[in-house]
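In case you want the letters, here they are:
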Amino acid sequence: MSFRKEDVEYVASLARINVSEEEKGVLADELSRILHFAGQLQELDLSGVETTSHIGLDQTVTRRDEARPSLPSDVALANAPEQEDQQFKVPAVLEG
Amino acid sequence: MVDAYSGIRKIHQALVDGEVTSQDLASSAISRVDQHDHEIRAFIHIERGSTDHPSEPSLGTGLLAGIPYALKDNMCFEGIETTCASKILKGYIPPYSATAAQRLQLAGGVMIGKVNMDEFAMGSSTENSAFYPTRNPWDTAFVPGGSSGGSAAAVAAGYVPYALGSDTGGSIRQPAAFCGVVGLKPTYGLVSRYGLVAFASSLDQIGPITHSVEDAAIVLQAIAGHDERDSTSVPVEVPDYLASLTGNIKGLRVGVAKEYFSPDIDAGVRESVLKAIDQLKQLGATVTEVSLPHTQYALAAYYLIAPAEASSNLARYDGVRYGFRAKDAENLLDLYKKTRSEGFGKEVKRRILIGTYALSSGYYDAYYKRAQQVRTLIRRDFEQAFMSVDVIVSPTTPTTAFRLGEKVSDPLTMYLNDICTIPINLAGLPAISVPCGLVDGMPVGLQLIGRMFDEPTLLRAAHAYEKAAGFAPMRPAMDQGVATL
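Chains A and B, in that order, are what the protein sequence lines are.
Counting from 1, position 53 in the first sequence corresponds to residue 53 in the numbering used here; the numbering is continuous, with no gaps.
Counting from 1, position 133 in the second sequence corresponds to residue 133 in the numbering used here; the numbering is continuous, with no gaps.
Keep in mind that the hints were calculated from the coordinates and are not lab data.
Because the structure is a prediction, the values reported are computed rather than measured.
There may be inaccurate statements among the hints.
[What the hints assert, rightly or not] Below, a sample of chain A positions facing chain B; criterion: calculated Cβ distance under 7 Å:
| id | residue |
| --- | --- |
| 1 | P69 |
| 2 | L71 |
| 3 | P81 |
| 4 | P91 |
Using N, Cα and C, we set each Cβ at its ideal position, and we do this for glycine too.
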């Protein structure tokens, strides 16, 4: 598998990143080489081998369903680039 | 008179004896930073207010009380900007502290500043910092390694006795090796990741960078232990690490894996490491060959797993809740795209794209799932090897530090730096890098790898070697003007 400019464009749109025409060319080349390197995993016979996602984690941990103190909203909002009425403010989601 | 190289125990004694005060220690740390850091550039933020912290009695009586330290800038400290060396987090003031930092504060530690790193811990040279590269105190033409390059440089330069770093594929051990200091990556789950900005959550672990194994044990003691705010933190009893430093390794079974001595390992590094293995034999350890046959696949597996996790973890940087927000966005989607395109650096974007691809529909089985299966094989290799040995030793890095600019143009060449350290993260094991000599004036690191949660044996072996080798603490020649400062 090698990356073409269109592939870069597609993956970048999934990742919500804009790439310029020039960047597309460079990235297509770099990502192709990284993927080619990763391609060596294809030579292994992995049938029947289970996956490891985490080490030493046998089960999902849950906490008791009890109310606890949390950040007051003004503190939680303190880093917001823009806020209004105790909420994070963003540009319009829908046009018009 | 004590300085940052004296060791935590001696500094502690000097405080107890009233030879110095903790304010003196913080002031002299900061004045040393002022003197040298325009060249080294280890610090992103200097906490000047740390010199007027409370006096000794209120800091407690533990070994770390009143002693300054530095924090890698991907760990939150309440009220102090945390940037991850990224433009996208510029201006972010965390409303809480990372558990590891909080525990150091509870132990009376004095945080004197936040140190530089590769952006979001992605890199092996600290050249990927959005602000400026950090330089190696041994020779400023060379990189300090990365991603915890600021932590390793700050310790090597004698600013602080210790710093915290984080290690996802070698980011504590590789810079420690390059800077002639000790770097410990604890077992996955031993130190809470709460408040550590996530890169690859199944691999990230916080650990100390110090001048000696004893100091690493002291810092680990303070930060280790279960934390319910990190669901991957393991509820194990924390042993007494200092008590494990007996100096006696008679009968210890040391494994050497030929896979870690490939032709990629520089001749000088190989020679230093083989000498260290001889030293372990002289101390009474038995050395046997072990095999870790899937080692050659670790790097490829890592460069799918880590970017996959990163692409998901870094989805949160969208310009809505904190950090940088791009101007003139037409709508919400445009805001996301502009913010992320302008806010992330090149390497971070590369990894997000690789990770997004590896997780995308149609490629998941071929890449991500396969990498996770290989991870199982690597874990099993170690399980098998640890049936016949107690620790495994290897070089920490294939070469000593390289020059700034030497590897930035080729991401794959840069990735090869981590061939000896990455398998350990995939397997979740603890490992430590200790200085084992110099090649052409630059430090070499010996890596020791232990069983899960067997830091006592790992630290005992590293400490015995360090005492016998007599390298620690290593001082770069910066004060004598011999280095290119």
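Violated hints - listed by number, lowest first:
1
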